[in-house]
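Turn these sequences into a full structure, and let the hints steer you where they fit.
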Amino acid sequence: MRRLRDLFHRRTFEDRMSEEIRFHIEHRVEDLIRRGHSPDEARRLAILEFGSREAHKEKCREAGGFLFFSEIWRDLQYASRILRRSPGFTFIAVLSLALGIGANTVVFSVLEALILRPLPITEPRQVYSVNSGGQPQQSFPNYRDLRDRNSAFESLFAYRVAPMNLDVAGSAQRVWGYLVTGNYWTSLGIKPALGRFFTAAEDVNPGASPYAVLSYATWRNRFASDPSIPGKEIRLNGHSYTVLGVAPAPFHGTELFYWPEVWVPMTMQPQIEGRSWLEERNDYNCWVAGRLKPGVLPQQAEANLETIAVQLGREYPLMGKLHFSLTAPGLVGALFRALVSGFAGGIMLLALLVLLAACANLASLLSARASDRFREMAIRVSIGAGRARIIRQLLTESLFISLLGGLAGCIMAVALLRLLSAWHAPLDFPVQFDVSPDWRVFLFAFGAAIATGILFGLGPAWQAWSADPALGLKGANLPGSRRRWAVRDLLLPVQFAICCALVTTSLVAARGLMRSIHTPLGFRPDGAAVIGYDVGLAGYDVPKGATFERRALDAIAQLPGVESAAYSSSVPLSIDQSHTTVYREGTTDFRASNMLPGVSYYYVSPGYFHTAGTRLLAGREFDTHDDRQAPMVAIVNVTLARRVVGTADAVGRRFGYNQKLVEIVGVVEDGKYESLTELPASAVYFSTRQMYSPTIVLMARTSRPESEMATEMRQAMAGLDPHLPIYGAGSLRQMLGLVYLPMNAAAIALGSFGVLAIMLSITGIYGLAAYTVSRRVREIGIRMAIGAHPSQILATLLGRTGVLAGVGGIVGLALGIAGSKFLASIVYQATPQDPVVVGLAVASMTIAGVAAALGPARRALGVDPIQALRQE
Amino acid sequence: MDPTSGILPGTLDLLILKAVSLGAKHGYGILLRIEQMSGEAFSIEQGALYPALYRLEHQGLLDTEWGVSENNRRAKYYSLTAAGRKRLRQETESWNRVASAMATALKATS
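Top to bottom, those sequences are chains A and B. Take the first sequence: its letter number 357 is residue 357 in our numbering, and every next letter is one higher. Position in the second sequence (first residue = 1) + 1000 = our numbering.
If you are wondering where the hints come from, they were derived from the structure by calculation, not from laboratory data. Every clue listed holds true.
Subject to a maximum C-alpha distance of 35 Å in a straight line, what follows is the list of computed DSBU-like cross-link-like pairs (lysine-lysine):
1) B:Lys1107 - B:Lys1086
2) A:Lys57 - B:Lys1025
3) B:Lys1086 - A:Lys57
4) B:Lys1018 - B:Lys1086
5) B:Lys1025 - B:Lys1086
6) B:Lys1076 - A:Lys59
7) A:Lys232 - A:Lys544
8) B:Lys1076 - A:Lys57
9) B:Lys1086 - A:Lys59
10) B:Lys1025 - A:Lys59
11) A:Lys191 - A:Lys293
12) B:Lys1018 - B:Lys1076
13) A:Lys57 - B:Lys1018
14) B:Lys1018 - A:Lys59
15) A:Lys232 - A:Lys191
Computed spacing ranges between beta-carbons, pair by pair:
16) A:Gly447 - B:Gln1090: 48 to 56 Å
17) B:Asn1071 - A:Gly88: 46 to 54 Å
18) A:Glu376 - B:Arg1074: 33 to 41 Å
19) B:Asn1071 - A:Arg74: 30 to 38 Å
20) B:Asn1071 - A:Ser774: 49 to 57 Å
21) A:Arg440 - B:Glu1065: 48 to 56 Å
22) A:Glu30 - B:Gln1090: 33 to 41 Å
23) A:Pro39 - B:Ser1021: 34 to 42 Å
24) B:Leu1022 - A:Arg35: 22 to 30 Å
25) B:Leu1022 - A:Glu376: 41 to 49 Å
26) A:Phe446 - B:Glu1065: 40 to 48 Å
Derived contacts from chain B toward chain A, CB cut-off under 10 Å, selection only:
27) Glu1045
28) Pro1051
29) Arg1055
30) Trp1066
31) Arg1073
Cβ coordinates follow ideal geometry from the N, Cα and C atoms, glycine included.
Given below as structure tokens:
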């Protein structure tokens, strides 16, 4: 208490101490005068007798018990005065740190949101995704067996992403929802914001639980926060459902990126999706997760599931082998977790490199300054300041800078994160990032600031520690500066190397991105407008749906500007991808040994390949005669042709599909189906006249702007059926957005780091060059006076900086090229063996370096010898 | 140079307590008093008095009060607290004990 009060009255303490000492000396002077000394003599004697006033004061403060606080306070005052005196230095220092810490804060909060932050559910650490073969997909009968036979989980639930058609005020809107088992809510430990949730009772009778739970956002946005919503009817896919309750605001299911709007019991699956797979053991359509019993470890649970897998394998020999593993939920089980963690970890590493570069930057500036302040330090030591005191002063200064930088960095980061959280991916899918920073992020930024402050403050502090004050008072420079190369000369090349590596990496990524835009996809997305719809959601049965699809195609084909039009069940690289299994040529033996699984399949209308721009290599497209009366036909891509009949020349050959033999009537070029980085994959196309799909993507090739075309297509569809929900109307490229998303994210992130790196190297070189020039103004003046050529002056002044930067640059370039190899897994076609990348990296770093040195160089040449020599 | 050299360690505190025990004094007054009491045998750097005063005050042995000095200036006056008085008694006793023991020891001839 007393200490606090004293601290509060610090000023009074200082004032009173000074007053007391002044009183003592005045009194002494009077006494000495009385004893016959002259006034001047008396004052001199009194001061001498008293001894070192500052040292005694310091001891008084110590004795008073709050030396520490008062010293910190004075250190801070002193530091702020020093920094105000050199605003250029302060600005550069704070700016580089703000960039470094800001970048780290942004990356850390993304990392935190993606990987570290637990889901908003009860005891999230006990909840695990159950993966089979690296994905959480499972067939519903398998799920039921796992649920009933396991002894490791308190409860095991299944869920499935499902689009639904919600009638709002007479108009149909497509919403994304979940089909969930009745134990979903109790497993996650979620309490309703309103009404109640599903229970086990909703699992019992198939098709008898027409209930729905709304997300908080949907309740607020679509139902105006109606407090009496529980018990009310809504219409989903043309059927009536009773709203039971509303989920709490932060809850958005168990997947990080998917924010569903509505939950419906799994038993209603047939009504929602049309075709039931609830009893199909080989249809892997739902995702499984569960809450472990208290005390059960994930490894024990995996072992438990493995024994069930063995049992199931014995009971159902036709089923593929099951192998279970548990992962934390949130990123589609194990599917994306490794990729996202790797990517986020890599970016975090780059961000730390940026911070390190900023630190090296500051350390080199501060060391340069420290040799300037050597004299000041020497004076302070000789008038009685302890070395520890001086080091604390220097550290206070660097911490002061780093905290300022951290604050500025935080402000920049928060602004950027706000933008990022508010951003919605231009996709027909409720993808959302919640990366709003929380206390952990700010703690991180604060920690980073303190750590950097200490890191870059240590060098100058060490110099002060080892300095000999006698040398300083003689006017010598810091001993180290007499040597030709000092340790601090390492700092500039280190910083430049890091920056150069970052620039190289970001250029590699940018080039890869540019190239990937032109990568052959197996179709031509440019000049194609698409609209997607689902007649199943609008309640059409198969004959009605098939008729409607043909009418829709006719309507679109007649629009002005449409060169050709066709439709398909889905387009490659969109979200909606399905796999099937085909059997080798000529076989009627549908056993596992002849099985070719993992074949992407599409139902396409006549003229699809022409419209999509896929090259037909042999045979023909489907035509109107390939209907249900005709024999089953298919078109395959080259890869599948080779796999199924051993040669690309496959027209006329047959393969087994769905217990039937199918004739190949055409072979098309290979393409990309699920990701841009995939290896050549198999694909098979069936005719929409022989196979029915309620989900349709209608495509029109046109020379008109795609968005304009899409708008007209949407109007035409509304003319046919105003209640049909349309989604994803726009260019085909937009529909492929999700595929490009990770790549764009990588390119944007790396690009930003490249820009940061260039800014840091500019500030680094500028700072050092400007400092060198300002320190050697006198020398420049002398050299000019004795007739040195400007180029000679520049060579003396900046030659060293240039050599250091050059060495750093070469090392950085090599590092960047080496480090870029890992990029190839994320950014398609990113390759560092590219003369353009190397050229651009060298050019940009050279330009940055020259631009940074330009100002100081001009200043050096503008020195007026007479003025310079008059100084000091 | 250690500003308190010339006096035994710990004796400065005792001298201050003794000087103050005879009535409240300001810092300069205490200095004069110590010089007078000790017959100017102890010479200390004058400023070194103050850290000792602040330490004793912080330990609760001295009380301070601002008053007006004999030459009409504002001055800080020190006086003994009860604890200070007790400490002076204890220190004096133990000093006397040590001093007489030392005297006896140094007188010994065999």
